[in-house]
Structure formats: C-alpha cells, structure tokens
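This is what each chain is made of:
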Amino acid sequence: MTMSRQGVQPTEVIDRAAKLRFRWNGKRFSGFEGDTIASALAASGEQIFSRSMKYHRPRGILTADYWDPNLMVQVGDDPNVRAGHRLLESGMDVRSQNAWPSLNRDIKAANSLLGRFLTPGFYYKTFMRPRWLWPTYERVLATFAPGGKIDLDTSHAYHDKRYTHPDVVVAGAGPAGIEAALAASSAGASVMLVSHEHSVGGHLRYSSDAADQAALVELRTALDASDVEVLTDSTVTGRYEDNWLGIVQRNHPIAVERLIKARAKTLVAAPGLIERPYVFEGNDRPGVITSGAARRLVNLWGVKPGERAVVFSANAEGDAAVADLERVGTEIAAVIDGRTGGHISSTRGSSRAVDAVVADGASIDADLLVVAAGWTAPTSLLNMAGDRPVYDPAAARFFPSDPPSNVLATGGLAGDADLDGLRQHGAATGRLAAARAAAVRHRLQARTARALPVEGDEPAWAPDERAPLGRDPHPELYRADTHGMVDMSEDISSKDLVAAAHEGYDSVELAKRYTTATMGPSQGKLETVNTVAAIAEARGETISEVGTTVWRPPYAPLTLGALAGRMFEPVRVSSIHPWHEANNVSVIQAGQWLRPDHYGDPAAEVRNVRRNVGLIDVTPLGKLDLRGPDVPKLLSLLYVNKWMRLGIGRVRYGMMCAEDGVVLDDGVTGRLGEDHYMMSTTSSGAGGVWEWVENWLQTERPDWQVHVTPVTTAYASINVAGPKSRELMGRVCEGVDLDAEAFPYMTVRQATVAGVAGCFMWRIGFTGELSFELHVPAGHGLHVWEALMDAGSDLGVAPFGLEGQRIMRLEKGHFIVGQDTDGLTLGPSTGLGSLIKLDKDDFAGKPELAWAADRSLPMVVAIQPDDPGVVPQEAAQIVRGDTNEILGRITSSRYSPTLNRSICLGQVEPDLAAGGTKVTVLLESGERIGATVIDHHAHFDPAGERLRG
Amino acid sequence: MAESASPQGPAFESPVVRSYPASRAGDLTLSDESAVTKWLVRAGTEGPTADLLDAPFGTSRAAADGALVLGSRPGEWIILGTSAEVAAAVAGLDGLEEQEFCSALDWTHGRAMFRVTGTSAARMLEKVCGLDWSDHMTPDGAVVSASVALVTCDIARNDRDGVRSYLIFCDRSFGQYLFDALIDAGNEFGLSVAAASHSHSAD
Amino acid sequence: MLLVPCPNCGPRNSTDLRYGGESHARPDPNTASPSEWRAYLYLRDNPAGWLRENWYCASGCRRWFSIERNTATNEFRDPPLPGDKRGGAA
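Protein chains in written order, with the numbering used here: chain A, 1 to 949; chain B, 1001 to 1203; chain C, 2001 to 2090.
Do not take every clue at face value.
These stretches of chain A come out as covered by chain B in the derived footprint (C-beta under 8 Å, 3 or more residues) [stated by the list, open to error]: (1) 151-164; (2) 172-181.
Some chain B residues judged to face chain A by a derived CB distance under 8 Å, without partners named [as the list claims (entries may be wrong)]: (3) Tyr1020; (4) Ala1122; (5) Glu1126; (6) Leu1150; (7) Asp1161; (8) Val1163.
Away from chain C, derived, C-beta distances all over 10 Å, residues of chain B [as the list claims (entries may be wrong)]: (9) Arg1061; (10) Arg1073; (11) Pro1074; (12) Gly1130; (13) Gly1141; (14) Val1144; (15) Ser1145; (16) Ser1147; (17) Thr1152; (18) Asn1187; (19) Glu1188.
Since the hints were made in silico from the structure, they are not lab data.
The C-beta atom is built at its ideal place from N, Cα and C for all residues, glycine as well.
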C-alpha cells in the first residue's frame, strides 16, 4: 500500500498554498496547513507509524482520527501525541514511539516469536516467582514499556482553568448536536457547543455528498450567527454529580490546554458513533483501514489510501467509501457485502503491508482493505450519569436506557434517521434541554439570596415529547472465522480473550483487568464491544447477557497538566515582609505564611535577645476579636482553665482541648475592655480555632451573645524581647506607663506607638526574656518596625527569626502544639494538667479529661543528652536499653547557644517522666546515646526571673 | 468616595507593594482600594440594626451619606467609604446596643480590597472563582463570599457608569498574592493596573 | 461535584463547604458515661439512605446547618435547618 496526495477535493480542509515543513524521525517532510501529522505523512507515502506495544508489530493508519491506536507519536518533548488528530505545524520534530533502534528495524519485534510467553496474565504468571527476582524483572520490563519519552527538564507550560455555568452544554458537534445548540439558543438558553474535532459538522465534514455539504454550510452559517459559544478541538471528558462537567479545550490562544469546569443545567450528549474495527487474521497489518479512515483521507486531505482495494461493507458508509476511493483513482478489486453474507477471513502479505485479502474463500490481490463493519455508540457520558445502556442485537449496538432527565441524548447515540431526521431530533432535544434548563435556572435564582428575584412559580419539568429516532438494522459483525487483534493499543487478540475466559476470567470486568483489553489509549472507544463479543462467544452467550464494562471518566485521555490547571498556591505575608526581604532574610514557609527564619546567624540572634533586645515579626499569630457579654462563658467553655474573673487589662494563658481531650491549641487571651477580649492562637491554629469557636457559638450555645472576628492580619505583630526591651519601648510609646509595677507580666495595655494610635501590647514572653508583644494596625506595621529599629540602634536592636525563637522557647521548655504534642496527646500529658479545672460545669473535652485525670499518661518532658555536643534528630526514638522497645521520642531538639549544650523536649512513657531518669535515645545513625530527663520543662531560667523583670 | 489625605499620622501601607507597568490595551482595569475605610457591623438578621442598615444578606445599598453598605453575611454588614462617610453611616448605630446585641469594629487594616472594572470582568472572575457571574445570578448590587484563586473573599458587584465592576476583599496578608492572581487571570482580556479611585486617612 | 443547598447562600459547590458528618446530640458531659461519650465521639450510623448531617458553609456565609441527604442517591431533602446541627439522626 502506498498512499499519495491527489488532486484538489471540494471538501478538503488543507490549504495547498501553505506548505509546512517538519521532521519525521529526523528526516525532512512537508505537508499543508490543515493536515494532521498523520495525513501529511500518509500523503508522503509513509506506511508505518508505530510499533505495537507488546509484540512491536509494524502498525499503519487504522481510523485516521483521534482514536487511532497506531498513530501515537512523540512531538518534541511531548509524548503520546495523537498524530491522527494533532494538526501539523511548521518545524515540528515528530518521532515514532515503541521502536528501537528504529521503526524499520525493531529488535523487540522478536516478541512476536515469543508470543506464547505474552499470553494474557503473562505478567502476573511469569514475574510472580521467585519474588527476589522482581527488581531484575522490573528493570528489564521498564525498557519494554510503551509510550514516548518524558523530558524531566521540560518547562512547565501555562495551563489555564475556567469555571462556567451555561444553561445547556452540547457534547458533540455533528448535525444533531449543532441543531440542538441552535434550538436551545433560540429558546433563550446560554449554550456551549463542544466539538472534539477541529471544526464542527461531524460526519458531514468528510462526506462528498452534495446535500451533506449544503447542510454543513447551512449549519455553520447558522452557528456563526447565533450566540452559541463554540469550542473546537475540545472534549467533554467527564460528567459528575449535578451535571458538573470537565471540558478540556486544547487550542486556546493563551494556553496549551484549558480545563473548563462547567455546571450545566442540562447536558446534551451528541457524540455520534465511532466506527468499530473488525476482528480477523491479519487485521492489524498496515493497509487495513476503516471506511471512515478512507473517507477522511480522501475528502479532508486529498490522500489516496491505496492503489487496489477490497472493500468490506455492511452499511452505507462503506458503500460511500467505494465511491470516494474510485474518485481518487483507487482500483476497486472487490466489494464484499457484509449484509448479504459476504465475509473476509484474513489478509496476506509481509508484516509491513497487505498483498492480498482472503474473502469469500478466494484470495484477491490488493494493497488496501477498507472495512465498514459497524458502529460503537460512545455512551460514556450517559454511563457517567448513571445510565446502563442496553444492547440491541438487531442494530448491533448499544442504546441509551434511562439517563437522568437533565442528560439528553441525540444523534447517532440515540438512534438512526436520514439527515433531516437527525437534525429534527437534535432541534427537539435542544428545545427540551432549554426548557428544562429554564426550570433549573428558576430554582437556582429563587433559592439564592443575591440573585435577581424571579416571578411566579417554578416552570413545570418539560415532558419528553420528542419523536424517537429509528434503529437501522445492522448485521452483528465482530469477528470473522479467524482470530485477530481486538485491542490494538494493548496488543490483545480475540484468542487471548477466549483463553482468559477459559481460565475463568469470563466476566467482562475481570477479563478487562486480566488481559488489559480496553485499558490503552483508545480507552475502549474502538475495542470494547469486540471484547465483549469475544467473551460472549467464549461463554456461548449473547452480548446482552454478558453486558459491557462501565465507561468512566475521562471520555478521552487527558494530560496531567490539564488536570492541574493553573497552580494556585496562596501565600500570606505580613506588612513588614518588604523589610525582611531587603535585609538578608532567609524565608521559611509555614503553612501559607512566608516568615523570616533567620537573617544569617540564628545563634547570634539568640545571644542578642538574651543580651540586648531583638524584634521578631509574629504577625501570623492568630488573633480573634471577641465582643459581647458572654465572652467569659465562651472562654470557660473552650479553654480547660477558668476565665470568669479575668480583670480588664489582664492576660491569661489557656489551653484548648478537643472533645476527645486531645490538645487542640494554646495561647493567651487578654481583656481589653468591659465586653471586649482579644484571643491569640498558634499561627497554624488560627483558622481552625476560629471555626471551632463559631461551631460552638452557632450550634451548641446559639443563645450566647458573642461576636467573633478574625483579626490576625488586621494587626502586624512584633515581639520586642530582651533585657533592653523596656528601654526601647519607652522611646516609641506614648500614653502608657511601661514600668514593671504599672504594666506587669501578663497584662495588656493600649498605646500609641511611633505615632500610630490603636496599638495594643501584652507582656508575655515565649522567649523567656522581658518582652512586649506589640500589635499594630497592619497598615502601619512597617512604619513601626522601622521606628523600633531606628530607636534601638544604640541598644543593639536586631531582628530575629523563627529559628531563633524556636531555640529560645526550647531553652524555656515551652511546648508547641502539633510539634511536641500529636493527635493522641491528652491535655495532662503536656505537664500543664494543673490548668485543667474539672470542677467547671462544662468545657470541651471535660469527660475525657476527667477520665484521664486518674490515669498515667505519656508525658512531655525536657531531656538533655549526656554528651552536650550531640543534638539528636527530632523524632529520634527513646528506647529501652539495647532493645528496640520504643518508650518515647524526641519532639524538639536544638543546640542552645545560651547554655552551650544540646537541649530537647520529648514524649516518654509515664514511668520515665520523673526528673533524673536516664533514658536511651536511638539516633538515625543507629548509635545509642544516654540522656537525662530534667525535673522541669525549662532548661534555662526555670524560675522565670528574666521575663518578669 | 474620594477623600483628601489625613493631616496627621504615618501613611497607610497597602498590602500591594510591587509596582506595575502602566496601562496595556483593553478596557479591563484592576485597582488597589485597600486604603478605603471598612467597618464590620454585627447584629441580628432582624432588628433595629438590620432596619437601619437596610441591606439584607446578599445585597448592597449606597447610603445617603456616601458610604456603601454590604450585606456580607446573615447578621453581618461591611460599610465602606472615606472615614467620614463611614463614620456618618455608623453614627446611627450609637444607642442601638440598648435595644439589641450589636457590635462594630474598624476592619480597614484587616482586609485588602481591589476593584475590577470592565465588560470582561465576569469572564476574568470565571478563571479564578467557581460562582455564576451572570446577570441573573449575580446582578449589580449582589454581595457574595467565595473562594477566589483559593482565597476566601467577599465580592460585591458595584457597576460603574453601567460597566461591570466588582469589589473583592480578602485577608490583608493575601493581598499581594491575590492582586497578582487577578492580574494573571486578566491578562488574556488586556487587563491594566489603574490607580486607586480612593485615598484614605491613616486612622 | 455535588451542589449543596445552603439555607443562606443557595446551592453551592460541595468544595465551598466543610462536611461536618452525621448530626448527633452532644451528651451532658457531667452525666455521660465514658462509653456514651465515646459513642458521641466516634460511632456513626452510616446508613445507605436518608441521613441528617451537618455542613459548614466555609467559603460562603460561614454558617453551620443541618440537612437530610440520601447517601445512596445524593438527593437533599429540603429545607435545611440553619444553625441547628444537633437535630438527631433522621
């Protein structure tokens, strides 16, 4: 078979004035604008496009469209490109896949000789034992794996995303789909018409019939004049709950692919029919093509598919192919009519080309066999909507059964008619879709507070009064009297399926998984029904009895890039962040926050805080503004300790536990006014605590008068820490007495700082130093930070980051929720059990904490390695002696620049929690070191004299 | 809602700190309005406060004194404007606490606010938000909360001279991220960054 | 994606909400036995059929509500009850 370009066809889509040059396996080729990669190669006489996956058999064009399993190629760094669909572009570097060292000399074609080892379940059977050989098997098998090459250095292309809420989405742009879109649009619906192909028109595009061409022009003209949004080269890939649709748009000008998430009020499924290959000996030999492939090659691209053809036709499409072939000069050696008992048995020839076709018992010399054996209804979208299509043996295909009433089928999927009949059914479907969409729209508007008010009652759900389409009789042609390939993507033959059925894998779902039939890039569109037919034959049953596999999303394979869409990765920064960036900061991402980790030397930052004064930006610290007379009751309910008598200007530490008694969060809350409190939470807990508070107020205590507002980022928060912090604060604060007596530890004051009114500050200290935690209206945070840096230059003021703070809090033995506690750490395990007031009437987690009160629990303790120079890894295990019995773990570990030794927090079994207990820590290296539990959490200044100063 | 700069106190620092090249082609504009005064009022969904503010959840209303009142959540209102306009709008709330439990706080520093204006503004929002921006579901004056580029935002449709326009609010700390995400979404429509239409007193 | 009918916002994508699980009443913490408390914490009916459950409209109105849903068909039984998440199992 040699294909070649012929004279201009009236229906062709190529621009012969626009020549495009490209490379195919390194050699120069050319085609025209409008060609697919495959049509350009075919026009240049190429016959072999790929090697099959398992046996590495040469493969040529089969269907010449998106579904063609033999036309997977690599384009540049883009693997698995469908050459039957992708339009040719100038300069493309196209290469074949699955061929080594070359398409024409493929060493792995030896697999064909080893066919008996590649029987179904081959991988399961052969590589199971001995298990120790699996790594070797895996390495060898990997070199045989199908598909193109992935370039790990490929830059990330821009993938776009869009949400949309059309009234009607029409999937498929053949004549019925276009009519449905037009009718729905005329009825006032917003309509999106999605065409899998590069242009609308469906099968009319490659019909040489004059009436078909006139209809195509008419439909396209009407579409251009309508409000219908037309997406070409786009696929509705999935239908999910409540008509949520995934649509991949492959040709958007600003992105290589755009994923559209559409909430359609009604969905019209109009995908048309897909021509089904026929199974016989030699059916995968290059030169065997479907009738649709022949018609597309001739009519769209002016390519003559072969010199001398046998046409096996069981329907009008096959008959039309005969006429198309004759028009471009292909000699018709024979037409075998499948409707009247004519049959083909096999092809003969080399592995690379057909020489002859055995049909009706005779061998006919030919280089081309065109097969029109019937249709597969791609019911995928209906399956995804919950429908279970039913097989009709008289028409030899599946039909919709009972899809939900917001999913409507039309076109070939729904039945058969002449062109006018299909168009009428499409238009009626569009009107029905619009009427039902109007009812959905009415309901949505009526129930949505912000929407335009609607008048009147919701329209009745429009009844389906469409005249049903007929069903043309078609012979059931699945397999000839010989065996051949069923799944060309996966190299599965009918013999393999029969063997699988005889081994007991005789349900389609089992046989599919056992043999991998239908699991390749064609995703069952070509091979599912032939697979079912082979199983049915082996079981001696009908296709209806065997049933089919359930088609799941995606309708067509899609790239991971399309699914990922644009990468939204929200980050938060404080208003002081520009200063950090200008001052040599090393940033750490903590949750969504970008935070200063350190400014070069965290140990020096620690020493400066202990000696002079340091500033840390703690804006991410959660802050909830609480107002109302019932705030004390709320605090008493959510914290384990007591809150009913907190005086104005006072601050108290609190621990929160969940209802299971596990530590949820901790922080301080201050009383700013009579009914006004400010709660602080951990940085990571800010969002969760807010929802926790709302949950209690809305659902358990709806009668309480409390208003909660998250103000975390309304304030820039700066901790000013160190022995010189009071002096520094005195230089910038107005309206507040900073004296130790006037503003003692654990109190809160409001002040004007560096000219900024509305600041508040509390005297607390995570670092263990005298410190002022200052909260500044965020729009002045940078100003105040700079004012502090300026005012304290002679005091040695310097910034410190999260790492320095972590070291200092560890020196002080303050645990961090989520680091030193985990999802099983009950309140008393923190060592703060005395905070838990079981005599309160109620608080979150009370029953569990009451239960825990009489029990020994694992405890958070401070631990010091005996060798002060060894810093154990966090999560290093604490074990019993030389055994591997786990008794606890290190939860925090650092080298203390203040104490010049390693210091840790850890969780240990109850009997190891007493001060002075010797424990063994198993390091990552396997080495065991001795360490000692100390009798209080603070490694440094356990009396807390520095911070109260 | 324009106002002269405040005579005292340091200038307001916007969460949007990067600078952007001057206008490109296209009628879609994005501006940073974070400096606008914003108050948050809480009270019952029905009662004297709700009656006074007269903007039920999902709707908005231009107050006589120039402020914009958004019914942002059931029993929650955001009031926008210059500090004088907002002060005038909330003045009527004084004394209502005698009649019902209500509260008001200045949220100016807590929320970034951006305005997107142009005929393609809805198409732009479709790229970052899953809500239906059609006129029947989100008409002029509508107020809604939703995730925009994975950040929870309050959004108010507030058309300008008959042209689609949206106010978008988020936590201040997300401001720079969201501003950039909106620019990215608007690129295909020729979005340009415009100067703020409001100034603000640093209070 | 499921549309969840929020009583305040109208139908919203389920990703706009946080699923709060089966509605169940909180026992009196002062009288509940440990096993009753743990049943409240951990045990759920998980029926295939109608179930009253809680949702939090996290991206929308930030209100909790409870509503009946058929776990087998994903139908919702209107109207949802704003604020009430106790409700008791349907």
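Evaluation of the provided hints:
Chain B is given as covering the stretch 151-164 of chain A, and this holds because 5 residues of the stretch bring a CB closer than 8 Å to a CB of that chain, at least three being needed. Counting residues of the stretch 172-181 of chain A whose C-beta lies closer than 8 Å to any C-beta of chain B gives 0; at least three are required, and the coverage claim is violated. Taking 8 Å as the C-beta cut-off, the interface hint given for B:Tyr1020 is violated, the closest approach to chain A being about 16 Å. Taking 8 Å as the C-beta contact cut-off toward chain A, the hint placing B:Ala1122 at the interface is violated, the least distance being around 10 Å.
Hint status for B:Glu1126 relative to chain A: holds, with the closest Cβ pair at about 5 Å, below 8 Å. A distance limit of 8 Å between C-beta atoms decides the matter here; for B:Leu1150 the minimum to chain A is near 4 Å, and the interface restraint holds. Hint status for B:Asp1161 relative to chain A: violated, with the closest Cβ pair at about 21 Å, above 8 Å. The interface hint given for B:Val1163 is broken, as the beta carbon of that residue sits about 19 Å from the closest beta carbon of chain A, more than 8 Å.
The Cβ of B:Arg1061 sits about 19 Å from the closest Cβ of chain C, beyond the 10 Å cut-off, so the non-interface label holds. For B:Arg1073, the shortest C-beta to C-beta distance to chain C comes to about 5 Å, within the 10 Å cut-off, and the non-interface label is violated. Against chain C, the non-interface label of B:Pro1074 is violated: not every CB pair exceeds 10 Å, the least being about 5 Å. With a closest Cβ-Cβ approach of about 6 Å to chain C, B:Gly1130 is found to fall inside the 10 Å limit, against its non-interface label.
Annotated as non-interface, B:Gly1141 keeps its C-beta farther than 10 Å from every C-beta of chain C; the closest such distance is 16 Å. A beta-carbon of chain C is positioned within 10 Å of the beta-carbon of B:Val1144; the least distance is around 7 Å. For B:Ser1145, the non-interface assignment is contradicted: its Cβ lies about 5 Å from the closest Cβ of chain C, within the 10 Å cut-off. For B:Ser1147, the non-interface assignment is contradicted: its Cβ lies about 5 Å from the closest Cβ of chain C, within the 10 Å cut-off.
For B:Thr1152, the shortest C-beta to C-beta distance to chain C comes to about 5 Å, within the 10 Å cut-off, and the non-interface label is violated. Every Cβ of chain C is farther than 10 Å from the Cβ of B:Asn1187; the closest lies at roughly 25 Å, confirming the non-interface assignment. Residue-level check passed: B:Glu1188 sits 24 Å from the nearest beta carbon of chain C, beyond 10 Å.
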